[in-house]
Structure formats: structure tokens, C-alpha cells
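Engineer: Take the given structure of chain A and dock chain B to it, following the hints.
Chains A and B are the protein sequences, given in the same order. Numbered per the working numbering, the first sequence spans residues 1 to 437. Numbered per the working numbering, the second sequence spans residues 1001 to 1165.
No lab work stands behind these hints: they were computed from the structure. A virtual CB, placed ideally from N, CA and C, is assigned to each residue, including glycine. One should not assume that every hint holds.
[Claimed, not checked] Examples of chain B residues lying across from chain A (beta carbon under 8 angstroms, computed):
{"id": "1", "residue": "Asn1049"}
{"id": "2", "residue": "Ala1054"}
{"id": "3", "residue": "Val1055"}
{"id": "4", "residue": "Arg1057"}
{"id": "5", "residue": "Ala1060"}
{"id": "6", "residue": "Phe1080"}
{"id": "7", "residue": "Ala1083"}
{"id": "8", "residue": "Pro1086"}
{"id": "9", "residue": "Thr1117"}
Chain residues, written in single-letter form:
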Amino acid sequence: MQQVADPSSANAITNEYLQSLVQDGRVHSRAYTNQAIFDLEIDRIFHRSWIYIGHESEVPKPGDYQARPMGRTPVILVRGKDKQVRVLVNRCRHRGAQVVEAESGNTRMFRCWYHGWTYELTGALAEVTEKGGYGPDFKMENMGLVEVPRVASHRGFVFASIQLEGESLADFLGGAAAQFDMLVDASPTGEIFLDAGANKTEYHGNWKLVGMDGYHPNFVHASVVAGWARNSESGIGAMHREDPFSDEALTLTRDYGNGHAMLDFRAQRLKSYKKHAEFLSKVPGGTQYVDDMHKAYGKERAELLISLSGDPHLGVFPNLQLIGHQVRIITPIAPGITQVTMSMVRLGGVSDEINTMRVRQHESFYGPAGSGSPDDAEIFERVQRGMAAEVNPWIEISRGMHREFVDTDGSVVGRITDEVPQRGQMKYWLQLMTQAA
Amino acid sequence: MDNQKLAQWAALREVELFLFREAQLADEHQYKEWFALWTEQLLYWVPCNSDEEAVGRKIALINDNRPELDERLFRLGTKFAHAQNPKSRLSRVIGNVVLQEWDADRGGRVTSRFNLTEVRAGRQLTFAGRQTHLLERQNGVLRMREKHVFLANHDIPMPNLTFII
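Extracted from the complex, chain A is given alone in its bound form:
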């Protein structure tokens, strides 16, 4: 490859240059470290593609809102008096101040406290103070909070896109859409609620590092694995029976296209269904849960859903992950700074004790003080520091290229330690980055 000087502005980056960074089985580390490329990612990925904003259960009542980031754009997820969920840009149309400062709450309208303009929950401009200062050309109806043009939801997960036109959310999710069921249908009533708090974390590394990787657990999480040798049902150990991260395991990596990828634990966990049902029977309401799941979904599907514990281990490009008992939002702050919010999932139709047990399992591994997440963050930071070396700048992601295959549903499949997810992610990354506006 021809060496290109580190581009200093997004305008200087050509499609040919971007293509030279993503090659067969390897990626140039500048894709993770360069500021101009990061700026382009915000424009071409986060301000165009479908971005996960929040779950409908986070705004249950009219007036409920959540302030969320969408790339660099602050937005408000809000439920109107008409019960409809909208995504509004959090920016007063007058002089640009945010109209919402709290992270969440309930309100009758949005008020900008710079000069007192007020907006309806739909974003419509309700009142301008001292209106006589504006002439006949000032049209209230043109001055509402900007509504993000495309909003769609799948099983309660609300996505939005700033691009006026593009593929539907269903087309975008493709084969990954069905995997949302593995989470939502872990509830016998098919209801989940994101109302049990969130761990908010930040690491000094690129946002693309927090992907689906089935090769790392035995090394990054060696201290946790050592703990499972003392007590196999401790924490999330109860979900991982035998070693799911060896090449001999029934676990798989799966690339659904459009950057969506999954660590597929289904067959591996189903093998331990009986042990898992026995584990649940020790929790108050556990036996009832197993019965209710069978009634709701039939034996075969119930056993799969129960075995999986609501953990599809799915990454939806670019900013959503359904992992463990949490819904994760990934927010890029800078090439070397990323925030990850892990919102706890509460299952509907199950005993409080089951939900509490799930909260404890989550805490044991995830969050800033868990046994797992901090070591992930530590390793991402080591990667980010190492990537400053450009003597040989290539990130190697070729593992399993010789043995991957296309499944009947069209997804690309590899063994659990293979880098199928990384290749799928960077293939779609390149597609979005080189696409004309």
C-alpha cells in the first residue's frame, strides 16, 4: 500500500484512501486513531445510519423524556400527549441552547431559558416571548424543534436516522431483527422494562473496539475464569457452563451483514438446559417461570429462551449491543474516548427474585467495578496506546477466514474464536464511509 500522510481534515480523505485502510483480513490502525477519520465517522455513520436512541419502556407516560446523544447531535426521546414517541433535536431554534438539561424526566413542554421560547412535546413552537419583535415573515410553524426525520422501532427499541431517505429499519436490521426476540421473549409476557438503572462507563479507546469477540474471554477475563474454578455458579458463571470459548465448543460467531454480528451461544447453552432449569428452580418463582415460558412459547422454543437467559449477545452497528442482561449504548466521544451505557433489563411477568438475581449476576461481571468490564476497558486502552505505533500499522483480523461459511439464513458463520464479527463490522464501516451523501 502506498503510504499516505496522516490526513488532517475530513475533506482531505478520499474513498481510495479509506479503501486502502480496510484490506482482506487486516485494518490500518488509523481507522481507530485518526481525528479526521473520526469526524467523517460522525458525519457518514452516526448522522446518516439508523442509530439506537432508547427503549419505549424508558418513556412510558406522555411527557416522559430521555436526553440522548446521536453522534454529536443531542436529541430528546419523548412521548407526546398522543402517546407517540418522537426524537427531537435538543437545540432551541432561536440561539441554539439545549432546551433539556436533565438526563430524563417528565414535562408538559420544553422551555428554553435563554429567552423563554417554549415548545410542545411534539416540538412545535408554542410561544415566543415579546413576539412583537418579529415581522410577518416569522412563521411559528416553521420554527419548531427539529424532528429527526426517520424514527422506527423494533420490539420497543427506538431507532432514528438523520438522513431523509434510506432503507427501512427492517431492511437495515435484516437477520439480526429476529435475535431481538431472544431478549424480549425471555419474558413469558414478551415485555421488558429498562427501569432498573444503568452502569455508565468510559474508556480511553476507540468506539469500534467494543465489538463482539469470542476469542478474548479466557485471557482478558482469566481472573474471572479462575474464580469459576472455585464456584461454577457464581455470578454469570451460571450462564456459561463448560468452556464456551474454546474452538471445540458449539458456540459460533455470526455476521448478519450491515455490521451486525453475534456470538451465538444458542446450541451451546441449550445443551445445559436441564442444569440451568435446576439452577432456576432454586430461585423463588423459578419453577413458575419455567412453566410460564413453556405455556407461552411451547417446549422447544421455551427451552432455548430459558437456556439463553435473554442474552442474544448481539451487536447492532454502530451503537447498540444486547449482551447479558443489559442493553448497551456505545457513544463515540473522540478517536480515543468512548462511553458505554449499560441499562439493566427487567423482565415482565417474572418474580421479583428472578429479576433481582439477574441484577446481581450483571453487577458481578459488568460496570466500572464488575469483574469483567474493567479488564475489557483496560485492554482497549492498551490497544489504543499500542496503535500509536505505525511502523507496521496493521490490525490483524484474518482469524478463521479459511473456515467461515455462509449459513442457510445468509449469515456468515465461524467458530467462537474467529474474527467473523470484526470483518463484518469493518466491511460495513467501509461501505458507509465511502458512500456518497
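Structural biologist: For chain B alone, kept in the frame of chain A given last:
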């Protein structure tokens, strides 16, 4: 000064010295000695998102009973706790110690504030907050039954918190 006042001062001083020793063992990563400060039944609780005094239903940063805390310390003691390899250099100051309810023979509830500096991986960070200790006197010796830590930064994106807080 009357005897009652002197007794109150002595009680406060004893508790302060206990908290200072706990802080020192935590700062120095002396896991075994720190673990020995606890009673058999224990709760080590560090909530996030809000200061609401409700243990359980909502997600926390740390919510350990004895086996869980034992596992946390075991893990930190292995060679593979990467986020603590190398270890954080820590320095904390405990202040504003107030005995909320106190019985000379049995112990009670103590509140205090802390300010902690962490240096690791080229970064210097500050953690601050308030803490509540439930202390219990056993065979004349004070031990911790519960420790609740309310971090000032528990609702913003946080870096790793892999040392004893």
C-alpha cells in the same frame, strides 16, 4: 469537662482511628487484612445513578455479600486482574466523621466523607463522596457489618473502579 463529654470524644476518636486504619489498608491493597475488618454477615454496597437508600432492585456498582466480596478479593489477588496490573497508587483522606447512633458496648452507625486520589496508567483521578459504616463491637473489637459508599460521580460515565473504595 464532664465525663459524658469525655466518653463521647473517646468514642469518636476510636471510630476515627478505625476508619483511618480501614482507609490505609484499602489504599495499600492489603486485601486480607482489610477483609478481616468485617463481621461474618456483611454488605459492601456502592450504588450508582442515585443516592436512594434502597439496596437490591436497581443496579449498583458493588453489592457484595461475604462470598461475593471474598471472590472480588480473590480475583484481585490473582495475576490476571489486568485493570489492577500495575496497581493504582491511592491516597484517601477521611473527614467529617459523625457518630449518628452509638452505643459504647455494641457500636452503631457512622457517617463520614472521603476524598481519594488515584494515579494509574499516566492518569490522576479524584473520587469523592460520603460513606456510612455500620460498626459492631465483637469481643471488644470494632468490625464492619455494612459499608455504603455514595460516590459524587456515580451518575456520569466512570472510569474503572477496581480498587477498594
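Engineer: Determine which of the earlier numbered hints do not hold for this structure and return their numbers in increasing order.
Structural biologist: 2, 3, 8 and 9
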